[in-house]
Structure formats: C-alpha cells, structure tokens
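Protein chains in written order, with UniProt numbering: chain A, 1 to 136; chain B, 1 to 308; chain C, 1 to 306.
One or more of the hints may lead you astray.
[Claimed, not checked] Residues from chain C that keep clear of chain B, each with C-beta distances beyond 10 Å, as calculated:
{"hint": "1", "residue": "R7"}
{"hint": "2", "residue": "R38"}
{"hint": "3", "residue": "S48"}
{"hint": "4", "residue": "E66"}
{"hint": "5", "residue": "G148"}
{"hint": "6", "residue": "P201"}
{"hint": "7", "residue": "L224"}
[Unchecked claim] The calculated EDC-like cross-link candidates involving lysine to aspartate or glutamate, where the alpha carbons are at most 20 Å apart (straight line), are:
{"hint": "8", "chain 1": "C", "residue 1": "K165", "chain 2": "A", "residue 2": "D136"}
{"hint": "9", "chain 1": "A", "residue 1": "K94", "chain 2": "A", "residue 2": "E80"}
{"hint": "10", "chain 1": "C", "residue 1": "K164", "chain 2": "A", "residue 2": "E128"}
{"hint": "11", "chain 1": "C", "residue 1": "K226", "chain 2": "C", "residue 2": "E157"}
{"hint": "12", "chain 1": "A", "residue 1": "K94", "chain 2": "C", "residue 2": "E67"}
{"hint": "13", "chain 1": "C", "residue 1": "K6", "chain 2": "B", "residue 2": "D9"}
{"hint": "14", "chain 1": "C", "residue 1": "K5", "chain 2": "B", "residue 2": "D259"}
{"hint": "15", "chain 1": "A", "residue 1": "K94", "chain 2": "C", "residue 2": "D22"}
{"hint": "16", "chain 1": "A", "residue 1": "K79", "chain 2": "C", "residue 2": "D45"}
{"hint": "17", "chain 1": "C", "residue 1": "K5", "chain 2": "A", "residue 2": "E31"}
{"hint": "18", "chain 1": "A", "residue 1": "K79", "chain 2": "C", "residue 2": "D120"}
{"hint": "19", "chain 1": "C", "residue 1": "K5", "chain 2": "B", "residue 2": "D247"}
{"hint": "20", "chain 1": "B", "residue 1": "K82", "chain 2": "B", "residue 2": "D62"}
{"hint": "21", "chain 1": "A", "residue 1": "K63", "chain 2": "C", "residue 2": "D26"}
{"hint": "22", "chain 1": "A", "residue 1": "K94", "chain 2": "C", "residue 2": "E168"}
{"hint": "23", "chain 1": "C", "residue 1": "K158", "chain 2": "C", "residue 2": "D219"}
{"hint": "24", "chain 1": "C", "residue 1": "K226", "chain 2": "C", "residue 2": "E143"}
{"hint": "25", "chain 1": "C", "residue 1": "K222", "chain 2": "C", "residue 2": "E145"}
{"hint": "26", "chain 1": "A", "residue 1": "K79", "chain 2": "C", "residue 2": "E157"}
{"hint": "27", "chain 1": "A", "residue 1": "K47", "chain 2": "B", "residue 2": "D199"}
{"hint": "28", "chain 1": "A", "residue 1": "K47", "chain 2": "B", "residue 2": "D9"}
{"hint": "29", "chain 1": "B", "residue 1": "K223", "chain 2": "B", "residue 2": "D202"}
{"hint": "30", "chain 1": "C", "residue 1": "K175", "chain 2": "B", "residue 2": "E299"}
{"hint": "31", "chain 1": "A", "residue 1": "K83", "chain 2": "C", "residue 2": "E33"}
{"hint": "32", "chain 1": "B", "residue 1": "K216", "chain 2": "B", "residue 2": "D258"}
{"hint": "33", "chain 1": "B", "residue 1": "K223", "chain 2": "B", "residue 2": "D258"}
{"hint": "34", "chain 1": "B", "residue 1": "K111", "chain 2": "A", "residue 2": "E108"}
{"hint": "35", "chain 1": "A", "residue 1": "K101", "chain 2": "A", "residue 2": "E66"}
{"hint": "36", "chain 1": "A", "residue 1": "K63", "chain 2": "C", "residue 2": "E67"}
{"hint": "37", "chain 1": "C", "residue 1": "K222", "chain 2": "C", "residue 2": "E157"}
{"hint": "38", "chain 1": "A", "residue 1": "K101", "chain 2": "C", "residue 2": "E66"}
{"hint": "39", "chain 1": "A", "residue 1": "K79", "chain 2": "C", "residue 2": "E33"}
Worth flagging that the hints you see were computed from the coordinates, not collected in a lab. Ideal Cβ positions, reconstructed from N, Cα and C, are used throughout, including at glycine.
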Amino acid sequence: MSCNSSVTRVNVSSVGQAQRVPVHLLPCEIEHNGPAQVSQYLTATTKDCKQEKMVSFRGRGLKGQELSCPQGYTGFVLKETNKAGSDQEDRTVKVSSVFDKLTYWNLETPPNSDDTVVMAMDWPELAEAIHGPVED
Amino acid sequence: MDLSPFESDNSVSCRLASQIPDVCRTEDCCLGIDEAGRGPVLGPMVYGICFCPVSKKQELKDSKVADSKTLNEVERENLFQKIDESKSYIGWALQILSPNTISTSMLQRTKYNLNAISHDTAIDLVQYALDSGVQLKEVFVDTVGPADKYEDKLSKRFPGIDVTVRPKADSLFPIVSAASICAKVARDRVVKGWSFSEDMGDVEADYGSGYPSDPKTKAWMLKYLDPVFGYPQFVRFSWSTAQTLMDSKGVTVHWDDDDEDGEKGAQRQNNKSMLAYFSASAGGKGQTSTHQTHRFFTERRLKSLDAL
Amino acid sequence: MATKKKRMPNMQNDSWVVIAADSAIDTQKHDSEPAFVRLRNPVTDAASLYMLSDGDVQLFEVKAFEEDFHSWFVGQTVQRDGRLLFVTPMDPLYLMLPYLVKVGKEGKFQPLDQVVMDEDFPACPRLLSCTRALSSLHHIAEEKEVGGVKFHRYSQEKTMNWLKKKVERTVTVLKARNISVGEGVKSTTYIRVKSESDYHPEDFLRYAHGILSEYLSEDLSKALLKHLQLPELTSPKEPEPPSKKRKLSELPVEAEEDYTKFNSADFARKPPKKMTAAQKSLAKVDKTGMKSMSSFFSPKVKAEKK
C-alpha cells in the first residue's frame, strides 16, 4: 500500500496533445499493455446491425453497443509519466487520450440495459443527488 | 456458380442453389450429400447436395461424375460444368460455413461441435430440397463418423425417405460424387478468391492446401500471426494448430468461461461471489468494520479505491 | 484444445480509463492541476482515493467499475486493466463529519482547523479549502464567532435534517431513473414490469438510506434510519460468513441469492454455461410435472414483491 502522504497530480495541460480515440471494453482479459492493430482487425470487421454491433475476437463471437459518457462528463485515459521510485514520492499522470463514447462488448449475449456497465452509468446522476448542495 | 452472395459477407454462413429442375418436382428423386474442407484450418467448410430423378441415375453414371477424390482441380471444374449443363434434370444446393461461423460455433459457451454442425447443415439442405418440391425418395450421405447412428437419425428425421449413410459414399454413388464435386469446386473458388475483411495490406495468397500438415499452410500461419488478434477470420480459431500457435507466440487472453466445464464453472462462480463478499467492505485493511456495500454499488460493480 | 494458462499478475499498470465530471478536469484551464489524494473513508475508517481540483476548491470521489476478465482497447493499444474509473463530485461534509462527531462528544465549540486534521492523512486539512465545506457547514454544526474567529460544534439534529434532504433528493433520482429498488432483486422481468407505482414509498426511502450509508458511520446510519422513521431490519444488514448455512425458515427478507432470476426471461436469454455430459442428459429429461428447484425458494421471495 502506498503512503497516504503521496499525491498523484494530473497534468491537465497535456489535454492539448491528447487524441480523441475510440475505446472498447472487452469481455476478456488480455495479458498485454501496448500496441495492437485495433483498427485493422476489430474496426475493419465490426458489423453494425439494428440494435447491436457484432464482431469476433480470437474466434469468439462478441455483441456490443456504444455508450455515451453521461452528460457533463468526459472520458480520459490517464497515463503515468516517469513512475515514482518509492511510494512516498508524489506521482504525475497525464491525459493521453480523450473520448466521449465507448463501445462495450459482451461474449455472445446481446447488449441490454441490464448489462453492468450500462447500469454503472447511473452513478454520476445518483452521485449528484447524494453530493449536490442541499437547500436551507 | 455465383459466389457473390457469400463474398459480400464472408464472415457468415451462406446458401447457394441452382434452379430446381421441373422434372424433380414430378418424378421420384435421389439426393446425395457430401462435404468439402472439413479438415483444413483455413477457409470455409462447404456442404453440398445434388439431386436428380431416380430414372436418370444411369445417365449420371455415364457422365463419369464418379470418384471425386481422385480428380484434380481442373477435372473437378470440368465436371461441375457438366453438372451445370444438365440443369434440366440435375439440381444442387450448397451451404458455405464460413471459418468465422465454425470458430464462433465451436468456441461458443455452449459448445457446438463440428459433427453436430455437419448433421444440422445436412438436415437443413435436405429440408430445403423438400421445401422446394423435390420428390425425394432416396438420400445418400457420405460420412466420416459412425454411419449407423447417423443413418438412424436421418431416417427418423425424414420418414418415408430411404436413407443410406456410408463412409466414402462419394465413390459408391454418383449422386454423392456430384454433390462432392459441387462442394469442392465452391470451397476451392472461395479459398482462392478470399477477400480479407481485415485491413492487412497485400496478403500472401499461397497458403497451400489449408491442411495443418501442409508446410505452406504452416508457414503462412506463422507469418500472419498477430500477437493480440491472432488471425484474420479466414482462419479457424477452434483448430488446435491455431490455438497452439497463439498460445506460444501470441498474447495470453483469459475468458470468464476458461476451463469451465459444468461443475468446475459453477465452483468458480461460487468462489467468485464469495470473494466479492469478502472484499465488499472497501479498503478494509485490518478493519473490524462489518459494513456491507449497498447493492446499488455491488450490482453495478462499483467499488471504492484505496490507491491509483 | 490447448491448455489454459494461468493468469499472471498485472504488475506494471500505468494507465487508467476514467470518466470524470467536467468540473474535475477542466480542460479549458490548462494550468490547473487536480490531484488524487488519500483521505479517511468515513465508513471503513481506512484510506480511500479522492480527488481535489486545482486550488482544492472542489472534492471528488473516485469509484471503479470493475468486473473480472475485462480489458480495454484504447485507440491502437491494449490496456489490460479493464476497470472504468468514475470521478464524481463529492460533498466534503461527509468526510468532515467523523472528525466533528468525535470532537463534538466533548460538547465544546472548537476552531475547525483544530478539528479537521488527521495525522494519518496529511491531505485532510485541505478539505477546509473546499468552497462548499465552509459555506454548508451550518448543515451539520452550530457556529459561534468570537473576536473574528469562528468556532463550531457538531449538531446531530442539524445533521439529521440535512441527511433527510439528501435522502429525499436521492429518492427523486431513483424514481426518475427507474432504478429497481425492490428487495435484493435484480432481473429484467422485475425492472421492466415494475414501475415506480409498484413500489412502496418505504422501499425508496430504505434504498436511498442504504446508498447514503456508504458515507456514514454505523452510528449515524442507524440514527438516520430512526429519523426517517424506518424500522430497523433485523437480519439482512448483519453480514454472516457465507460458509454458515442458514435454515430456510431463517431466510432473511433480503435473500442473498436471487432465486427468482432462474424463472425469468432474462435468464433464458443468456446462453447457459457449458454443461457436462451428465448435465446435458439431465437437461434432456422431460421435466414436465417436476417441480423446479426455484419453486421451493421463490414463494418467499416473490411474496416480498407484492
């Protein structure tokens, strides 16, 4: 556990260089952090049907849909710049990409409103109710 | 043979068929079934049926549409030409199972194995002939599996039709041989003209026979292995050749149903929910807190973090 | 099929996918530097991650949507960590309450900077810089000013009234978003057929109270329940080790497992898990006339729905 005194600063000026990118949430764990030919394989073979998108990944059928970020919210991908040596030191992250919608994929199941990630999007509005200012 | 319906989307299964000869709707007919491309790790598997009046059996035999396995590609194309020219009394239909269909079916959560796929496809094609008004009396089927069981299954499914299932039926019955020629010609053409929907630039088209044992196929599989995506949809991911190569040279991917077979899977799910239970109180390090996270959050898989 | 590999730990995670309130990461103000900090979580009493905007004006909460076996494609890269972080505005009073309550037990008025401090959490006093902290403090404390210096004392009465308003606000959003507040049931059938009017008003109150209790000590949570005139439930809130088997007669109102889902259309629609040969042959058995397993459990659960 890192030290309670260390803070992680977000370098917002990096937003200027951040690219707007497509993001996909996949129903599998890929043991890899790094480059991938997403547009060549995934995007090129994705099919848009009425209510859902279809694609396959590693020979398995995926069904998915696009989700917009809740209103007043923006998607960011934060990346750590020069990792701190110890857990006492402050860290810095920069904004490496931005997005306003994401595509999530289920393994074989058609996307529906009960999918956990769809339900999770309830959170910002609920948070506003719980945390917004109360009138006197 | 117009392959464009399949080529417009080669990720799904597709049916191609000739016109139904009028005579097949009025006379008793025989029908042969065979498949092409069961073994290869590349390209589609094609199921074919051919049918003609029982009275035309001798004519078919005389046209030398026999023993399709002994033919080379050119001879097969020529014989297909002959079959196509006899459209006044011979009809055919094909089901092209795309490699993507094969992969996703065989790797489905509820596994759909190749034998079951084959049987269902054959049944669908016979049903198609019946629905088109073909007066079926005899059906001949080539099989790689146990013939008796399959014969029983088909006989029960199509009462009133005399079903014969035999290994190597294509060398025994000309109508099966004709079906085999149609299927093989379609498979050859599809493989040759495969258009990759992936954005892969110029793809080496010399993939050999597509059989895992073919050195050309092997070399191609090595060359076109992508560490993350594995292969284009031209490859059958469910083949152990592909799996082994991805395991050794690709990035490891884990699915929630890995290793899952019935009880094992249920067990894992149990363990998972138990773990979720214990981790319910966020960041509780050495805490005596009995707090249980509200279901609004657990149902949405939302939890507090104690570090980035 | 090839043998499945073991999962290796993700040691070098250095990127995160985040959905953040626009006020948290103000992209117009390029020189701003919001920061993730660790503060004492009022419920667990342990460290949790929060965010303070530039100049500590605003506090944000960080929650992670996390499901096993997920990863991201971000542009032309893979990010193995499949979590989705939410950065949402947070009322700083929730984090200040435990400190005020603790000191309030002495009954004295105190200067805030002597109350809102924590040697385990150096960032704690920064809460006092939040604009909302000072302007809304009167919701939870009484104030006295002596010689230009302000002193505060925790007020349970004020706090309860404040929390009640929070509950009411929450209920409004629960209704507006049509969130299923039925006891422990999460299934398409119920979400779809049940509309707001099918629930008892108490269901909403209790649910909202439950959500708010994610920010309150156990004592405050109980006091709020009383203040809302909701009877305390006996069993469901008391967690029990999962290994301990309960007798059927002792099933709590809030069933831990949702047995009804096995009857729902939703369940049927999802592809079942792979079956063993034995299970497959069982599945083929004609079950007409057989009582389904769920029917032994459902009447009790269903009764709650009426």
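* Violations among the numbered hints -> 1, 2, 3, 4, 12, 13, 16, 18, 21, 22, 24, 25, 26, 32 and 33
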